[in-house]
Amino acid sequence: MNLEQLQRAVFEVTRQPLTPSERMRPRLPDGRSVREIANALIKPNDRMTSFERLQIYNQQYWFRILSSLSEDFPGLRSLIGERKFEKLAVAYLNECPSESFTLRNLGARLEAWLRKHREYIAGVERVAIDMVRLEWADIDAFDGLELPRLSAQDSGNLNGNTVFRLQPHLHLLDLAYPVDELLFQIRGRDAKSETVSNAVLKFPRPSKIRRSSLPRPAKIHLAVYRLQGTVYFKRLTRDAFALLNALAQEKPLEKAIEVSLLRTRRRVDQLSVQLEEWFKDWSSLGWFAQQP
Amino acid sequence: MPANRFNGNSDYGVGIGLRIPHYQHIFSKKPVVNWFEIISENFMVDGGRPLEVLDQILERYRVVQHGVSMYFGSAEPLNREHLTRLKSLVKRTKTPWLTDHLCWGSVDGRYTHDLVPMPYTFEAARKTAQKIREARDFLEVPIAVENVSSYAEFHVSEMTEWEFLNEVVEDADCGILLDVNNIYVSSRNHSFDPFQYLHSVPVERVAQIHIAGHSKYQKYILDTHDHPVIDPVWALYARAIELAGPTATLLEWDDRIPSFDEVHREALKAKRYFPAQLREAS
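Those protein sequences? They're chains A and B, same order as listed.
Position one of the first sequence corresponds to residue 1 (my numbering), numbered consecutively onward.
Position one of the second sequence corresponds to residue 1001 (my numbering), numbered consecutively onward.
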């Protein structure tokens, strides 16, 4: 057995989900005996069998990635409760194992996966997906790229043909539930930490939000962005959101205004004042980047 | 001896790991610390608070980068995106040397995020050394590889762990980040004499030393970095310093992290084993 074959064999076993009692499963999905595989790969010692020794890596793999995902999505965890979250997390990570050198990206495919596996969020589908979108935007805004901001001098040269460039860390979310408020409440109870050690001892145990405490549906438009190292959530009006979305799609300013504010009933002079206010506000928050 | 080509001919003394719970203390009290070790992956990001914090640290302190996911021992090629981001961080920190583990942890582009021990074969040693050389050529900084704690040994192994370490570092012509706690943990898990391991290490290649605590279970010891250093590990450390000289030393404390002062005090115990004339300076 060469190096590549050995590593593939070990990884195939260690990435199999644990049993409910957090032990290594006796068989792989294709029916092969894990004990036989372990015996063929791993030396036993005077205290542990080959199976038990391989099991340590199987447990560490799952404890680590479950702990990381759990830390990144406290909102989803609280919405569906710890047991359902763990089931969801195991199914997600089993289907979408990490493809990045950093655990930071572990949840990158969670929203798309959940849209195909709504059975894991039955009863709270929409609010759960909204929460995941917000929590991923928060992760991405926290350490996303910030380009040089549009300067006052640049702003003086703008015209209807100007194509704006929004900061890569700015996320625009249209949500059916006010999950921003809910996440603030949840975070009041939990604290974030960094993960660097070689061994993980436990899976964190959160508390579940009561169904009666879930927010009522209320469409909101949200900007998630970073300013001076801190991530903020800012609610936007529907028109402001539509305009920013059009700008994000690299439509020239005049076209973006036209498509986003077409249905507005405001008079031209009112619209002009409003646009000026918005652009002043968004510029001060650093949302516009210089063109390359 | 402590300053050598594997640690950029530097002489850093005793440092500690830079950890989030200590940020406030470090920025408000500005404690005297010889150097901080950072986990490279925590700062290989595009922007935001991690890099702002790092830049503030770099204004006042020396920093050495320690990685956890280069996986020199994985059969697959090095991850180019990883290397590119790492090089950008190396330029930012000006780390005199860079460390990662002598282990594997990725297969077909999928990551375990664990430090899985190597099969100690000549094929694995050759491939691992080749990847270390590639990384060093790309990053343009000395590399030292760390011996990991392990809980399993492979039947296919053709040599001991220390013989494998020698094979790799000689072939790659790289340094060693000697983790004496990991030697202790593995010696208990695999029933070998930790001093035999230590005496087999080519001391002229030791760029840095790690010390740490661990957790004891009924049948094995787990490398948890959540306790003070125990006496048998200090004994190994003392011998390592006798052999290699007063080498740059770093205390790892990554879980259940106590106050900054407690961690720093624990790290500074390492100076007891330095020659008298170096105790104050280090």
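In case anyone wonders, no lab produced these hints; they're calculated from the structure.
Model, not experiment: these values are computed from the prediction.
Backbone N, C-alpha and C fix where the C-beta goes; we use that ideal spot for every residue, glycine too.
One should not assume that every hint holds.
Claimed, not checked - Examples of chain B residues toward chain A, derived with CB under 8 Å:
| no. | residue |
| --- | --- |
| 1 | R1049 |
| 2 | P1050 |
| 3 | P1077 |
| 4 | V1107 |
| 5 | S1200 |
| 6 | P1202 |
Said to hold, decoys possible - Simulated restraints, written as ranges between beta carbons of each label pair:
| no. | chain 1 | residue 1 | chain 2 | residue 2 | range |
| --- | --- | --- | --- | --- | --- |
| 7 | B | K1216 | A | E181 | 43 to 49 Å |
| 8 | B | K1030 | A | L145 | 27 to 33 Å |
| 9 | A | R35 | B | P1202 | 55 to 61 Å |
| 10 | B | P1031 | A | F184 | 31 to 37 Å |
| 11 | B | K1029 | A | K43 | 27 to 33 Å |
| 12 | A | Q5 | B | A1235 | 36 to 42 Å |
| 13 | A | S284 | B | D1231 | 54 to 60 Å |
| 14 | B | P1232 | A | K87 | 40 to 46 Å |
| 15 | B | D1173 | A | N157 | 40 to 46 Å |
Could you work out which of the previously given hints the structure breaks and list their numbers from low to high? Of the numbered hints given earlier, those the structure breaks are 3, 5, 6, 9, 11, 15, listed in rising order.
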